[in-house]
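Visitor: One-letter residues, chain by chain:
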Amino acid sequence: MPPEPTPLRPTGEAHRPGATAVLEDAAAAVAGLDALDTPTTTTHPWWRRALSTALPPFVALLVFMLVWQLVWASAITEEFKIPAPASVWHEFAGTVEDGRVWSILWTSVSRAFLGFGVALLIATPLGLLVAKVPVVRAAIGPLLSGLQSLPSVAWVPAAVLWFGLTDATIYFVVLAGSIPSIANGLVAGIDQIPPILPRMGQVLGARGITSARHILLPAALPGYLAGCKQGWAFSWRSLMAAEIIAAGPLLGIGLGAYLKEGSDFNNMPAVIAAILLILVVGIGIELLVFRPIERRVLRARGLALST
Amino acid sequence: MTSIVERTDRTDRTGPSAMALDLRSVGKTFGTGQNAVTALRSIDLRVGPGEFLCLLGASGCGKSTLLNLVAGLDGATTGEVVLGTARPSFMFQEPALLPWLTARRNVELPLRLAGQGRRQRRERAEELLALVRLEGQGDKRPHELSGGMRQRVALARALAAATSAGTEGDLPGMLLMDEPFAALDAITRDVLQGELLRVWQATGTTVLFVTHDVREAIRLAQRVVLLSSRPGTVVGEWRVGGGREELHTEITGRLRQVITSHAA
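Sequence lines, in order, name chains A and B. Residue numbers for the first sequence follow the numbering used here, so the first one is 12 and each next one is one higher. Residue numbers for the second sequence follow the numbering used here, so the first one is 12 and each next one is one higher.
In short, the hints are calculated from the structure, not lab data. Hints should not be assumed to be uniformly reliable.
Using 20 Å as the maximum straight-line C-alpha spacing, the simulated EDC-like pairs for lysine to aspartate or glutamate come out as follows [to be verified]:
1. A:Lys-143 <-> A:Asp-48
2. B:Lys-151 <-> A:Asp-275
3. B:Lys-151 <-> A:Asp-45
4. A:Lys-92 <-> A:Glu-272
Since this is a predicted model, take the numbers as computed values, not measurements.
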């Protein structure tokens, strides 16, 4: 039997006979524990996930259309109160054909986005101030959460008197609707940070701005995102309220004005088409913009639901 | 070792004979006047470089206050805290990992805050993760790891912080551990105690370990210091050698004495 080559070992403890065996044993114990304790996750194939999320709302929509069609066909009420689904579709198709729908959508959506963007720029520092400066919180904290329950439609008459029938009125109402939500979301997000995290940051050497950048803001992100989502819903709602009430030649035709126009001409299919469009845009932005961001943020933190 | 190095500057390089930590009649009082609560009274304690010291005590002995003073999170009311190592780093009962960062980025964070370059800190993080036996797990997020693994990531991060604070990277740091294994199950705790000893031997860091478990203290430490409660003062000190069972009996008896003295 050839002599075994002496393995090179680091100096110190490991030179004792049996020390390597102990070390290997410990390594195996650690590996075994890790294997046993690591949380397991089950993943479903993508088509099953798609099916389980897309099918129920699709069926619900189908049922709704069926009921609508039946109610119309049974002629319980007059035609001008509940139009046929088909005539609403024709109204919608008409606006698509003459291209009007794009200008209507663009007017409203661009206003909502611009308003929401400005609201973000104002609400974020405001929320940070309220969350981190006790005096500011005591002074305007209650007002900020109170403003959330004030329907922003209430601002429309005042805004019309201040700014006339101009875009300024519209933007004012949108901002008044969304700023409190976003700021409150950020405040809630910061309040919910486990105190151990900023303490940990301090121990690791993060102070002031660095602490805000590396610890506070990322930790508050889920709450902030929830606030943004609500802020978007509020700004879309406020925009529609403003567009319906404040109509004028300077304002152009948005979704709200289109709805008002339908109502003024007793054109029920147009009214229903407008309502559905408002709904579709609101849901669409939420699903296409906010849902993916939120999902990513929550999943990174292990907070997302399994679906 | 009778010479005490007069030094308060933390980043100063210290000679081999200097203490890693020197507490000179340190006291801490919270509040003033009638409501004042004295948490610590005239603590004298020296910890040598590379030493593993356990602070043992019942509730209210000011263990955590003491660690906060050493970490510089709080200032002493009386006395002086003199550090001979780089900035001490902390490990808590909870891992306190940032849930949005991967394990590796968590370990990198103190290096990043210290201004190290991307490549350098990545290498160092991988090295430290390997040290705590988490090779190849660096891309996982905290929620994908078990409790014991998370606490090992926290250990790697604390080591990263302990060795990155000064510009002199070779200066062994100090780990302050506030009952780091108390929230783990018994099996994991046992394994991690062994792991901590291995890492301590491999890195040469000074460890100040707070616990209220006598057995844990005896298993880990070279020296056990018993603190009384309200206010915390040093009431006993033992060097751990052979005869651990006798030592366990002795320390437990002394601890019981301290606790019963509060019954009145």
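Visitor: Against this structure, judge whether each hint is valid.
Guide: Evaluation of the provided hints:
For the proposed pair A:Lys-143 and A:Asp-48, the alpha carbon gap of about 39 Å is over 20 Å, so the pair is violated. Proximity of B:Lys-151 to A:Asp-275 is assessed by CA-CA distance (about 60 Å); at most 20 Å being required, the pair is judged violated. With a CA separation close to 13 Å, the supplied pair B:Lys-151 and A:Asp-45 stays within the 20 Å bound. With a C-alpha separation of about 16 Å, the suggested pair A:Lys-92 and A:Glu-272 falls inside the 20 Å cut-off, and the hint holds.
When each numbered hint is compared with the structure, violations occur for hints 1 and 2.
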